[in-house]
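Q: Residue-level listing of the chains:
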Amino acid sequence: MSRPVPLLSASGLTKAHGRTPALRGASVELHEGEILAVTGASGSGKSTLLHCLAGIVRPDEGSVTYDGQRLTDLPEKRLSELRRTEFGVVFQFGQLIPELTALDNVALPLLLAGTDRAGARARAGEWLERFGVRGQQDLRPGELSGGQAQRTALARALVTGPKVVFADEPTGALDSLSGEQVMTALVHTARESGTSVLLITHDAQVAAYADREVQLRDGAVTPLGVTA
Amino acid sequence: MSSLRSDLRLAWELTRGSDRGEWWRVALTAAGAALATGFALAAVALASLRGSYRVPVAAGLLDEPGTRSGVIVGLLLLLVPVLGFLGQCARIGAVHRDRRLAGLRLAGATPWQVRRIAALETGPACLLGSAVATGFSVLLLLRQWDRPTALAWVGIALVAAAVPVLGAVAGALALRRVVASPLGWVRRVGQRNGRGPGLLFLAGILLVAVVALLAVATTSTPAANRPNGGPPLQLMGMVLAVGAGAVWLSGATAKATGRLLAVRARSAATLIAAERLRDDPWSAARTHAAVLLVTVAGTGFLGIRQVLSDVVHSGRNLSASTSYYTTGLDLTGAAIAVAFAITLSGLAVGTAESLATRRRGLAAQAAAGVPRTVLGRALLLETALPLAPAMLLSGLGGTAIGAWYALLAGRPVPWVIALAPVAVYAACLLAAATSLPLLRRSVRPGELRYA
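Top line first, the protein sequences correspond to chains A and B. The numbers in full-length UniProt numbering rise by one with no breaks, and the one at position 224 of the first sequence is 224. The numbers in full-length UniProt numbering rise by one with no breaks, and the one at position 192 of the second sequence is 192.
It is worth saying that the hints were derived from the structure and are not from the lab. Here a beta-carbon is modelled for each residue, glycine too, at the ideal position from N, C-alpha and C. Do not rely on the hints blindly, as some may be mistaken.
What the hints assert, rightly or not - Cβ pair distances, simulated, as ranges:
hint: 1; chain 1: B; residue 1: Ala-203; chain 2: A; residue 2: Val-5; range: 46 to 52 Å
hint: 2; chain 1: A; residue 1: Arg-19; chain 2: B; residue 2: Ala-384; range: 31 to 37 Å
hint: 3; chain 1: B; residue 1: Ala-203; chain 2: A; residue 2: Gly-18; range: 26 to 32 Å
hint: 4; chain 1: B; residue 1: Arg-266; chain 2: A; residue 2: Glu-86; range: 55 to 61 Å
From just these sequences and the hints, can you work out the full model?
A: Right under this line is the structure:
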């Protein structure tokens with residue numbers, strides 16, 4: 001029986017920040033429609049792994065393959081295009097642009113892809129509606145609560161209909177109720193659209209939303225099996 | 001085209017949604033661009049004259065090619081402090097700008113798109129300044145000159161177009177770090193050497209020098225009783241060489257001073273200032289570059305002025321009227337005073353921006369119990385420590401120019417000019433002190449809420 005081909009895979013990733021090693025030969029696979037949680041202690045290299053998988057930083061060694069393309073060989077322009085069209089990224093905080101309103105923040109990837117402004121804003125409005133922040137669409141990120149800002153960030157990550165969403169501690173800065181709202185919205189949308197999710201977290205309750213969990217220890221991946 | 005329109009709209013939305021600092025940047029950049037355009041247009045208008053000409057201003061100083069070349073070089077030298085000022089303006093809100101442009105990269109913008117948006121944020125401010133200055137300059141020119149030549153019009157058009165284009169290009173080039181990584185604002189590995197903006201500034205000075213060389217080569221016609229373009233160019237070369245040395249020295253001494261004092265500091269203020277210098281020594285060099293160049297030029301000029309005044313007032317062997325010479329001296333003095341004022345403004349803007357950028361860290365220090373007076377002293381020491389040795393070199397360079405000229409003219413050396421750098425140093429500390437009221441606001445614990 002042949003194993004299904006993963007949508008995204010990384011093999012033997014190493015990466016150091018200056019003289020501090022973050023990843024030491026990490027390998028991981030993410031399948032289509034799968035929600036994978038990567039857990040680990042602080043400083044274990046979780047975020048660096050996400051950055052390498054999303055093509056935000058290039059690993060020192062090893063390769064990342066997405067849908068048959070080696071991300072590590074792609075030029076910067078193509079990586080930007082992937083981030084704009086096929087990937088969505090959500091961080092703990094700070095990824096929204098403070099100068100733009102919530103609506104314009106969500107419309108941003110569409111505008112960058114050349115969608116006309118009216119069309120981009122209309123689609124962005126639909127996503128804000130879906131995540132319950134339509135009423136705050138004209139507010140700037142500094143005026144939103146943590147939960148509202150994170151749901152806006154989630155809407156921005158999903159507005160282009162990506163195949164993979166990378167979420168780095170998406171509930172890390174939220175209270176438990178807001179965290180639950182964000183995770184429910186993310187998982188529900190991912191299941192509905194068949195989007196794969198790579199979820200970085202140190203919270204066991206958040207990891208429980210995933211189909212599978214792997215643990216990162218000292219820059220290397222240890223499988224933990226199926227969680228759901 | 002629609003993509004350009006979309007980027008322009010995005011640039012406008014980003015500027016519109018920005019805080020007051022961004023609008024200050026736009027206004028000050030426009031003012032700097034207007035100054036640059038004004039000086040460059042004056043130089044271009046003079047450079048378009050051929051041979052002897054009757055110019056109704058400056059007591060005949062602009063009538064002959066030789067002295068005209070000197071004035072052109074002087075006007076081009078005025079671009080150096082303006083470049084420094086514009087460099088300081090570009091730093092206003094740089095941290096927030098870097099962060100939002102990195103955010104755009106994270107959302108999928110290509111490096112080219114980010115550069116274009118950054119250029120569209122800077123270009124219009126330069127365009128505004130350039131347009132206003134060109135309008136005023138052309139009106140002034142038409143009052144003085146009945147029928148400007150075609151060459152003059154071409155030069156005016158070139159300057160009016162070049163200033164916004166160069167401003168936009170400089171704005172885009174300043175984004176090397178952000179363009180390289182969408183995580184520019186999240187993670188900084190190792191020490192930045194910070195030499196990029198300094199190199200940009202030096203490239204600007206080099207451009208000014210090349211333009212001056214071309215201007216002198218094409219406008220001066222040597223005659224037996226008139227100087228050709230040689231002396232002004234030699235002087236300019238000397239000023240730039242000493243100034244570049246001072247810039248390097250400022251960075252190098254900032255680094256050495258920071259390293260040395262950090263381990264030996266006995267007061268909290270010195271320790272904070274030393275660590276800050278050690279962290280980013282070239283920031284001080286960039287800030288002080290134009291100050292040092294103006295010090296060289298100013299000190300040298302004071303010596304030359306003293307000697308020339310003696311010669312003129314002795315009334316011997318003068319080939320033109322006294323007013324011809326005194327007007328030249330007065331105009332040069334005014335130009336240096338203007339340059340000094342621009343430079344001090346740049347220094348004040350730079351210090352204020354440095355405070356605004358670090359307001360969260362400063363608020364954290366204040367919240368942790370560091371007295372405001374200590375932070376204020378540290379702020380002044382950050383200016384005072386690296387500036388002192390560089391100012392010494394600039395002062396020596398300027399004094400050497402003055403002394404060389406006195407010896408050339410067979411006059412006593414006016415040693416009093418050696419006091420000029422001391423006065424400049426005091427003025428710089430005063431300019432830095434103008435940001436102390438901002439420090440009071442920055443250290444409010446409320447600032448801790450803002451990233």
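Q: Give me the numbers of the hints this structure contradicts, sorted from smallest to largest.
A: Violated hints: none; all satisfied.
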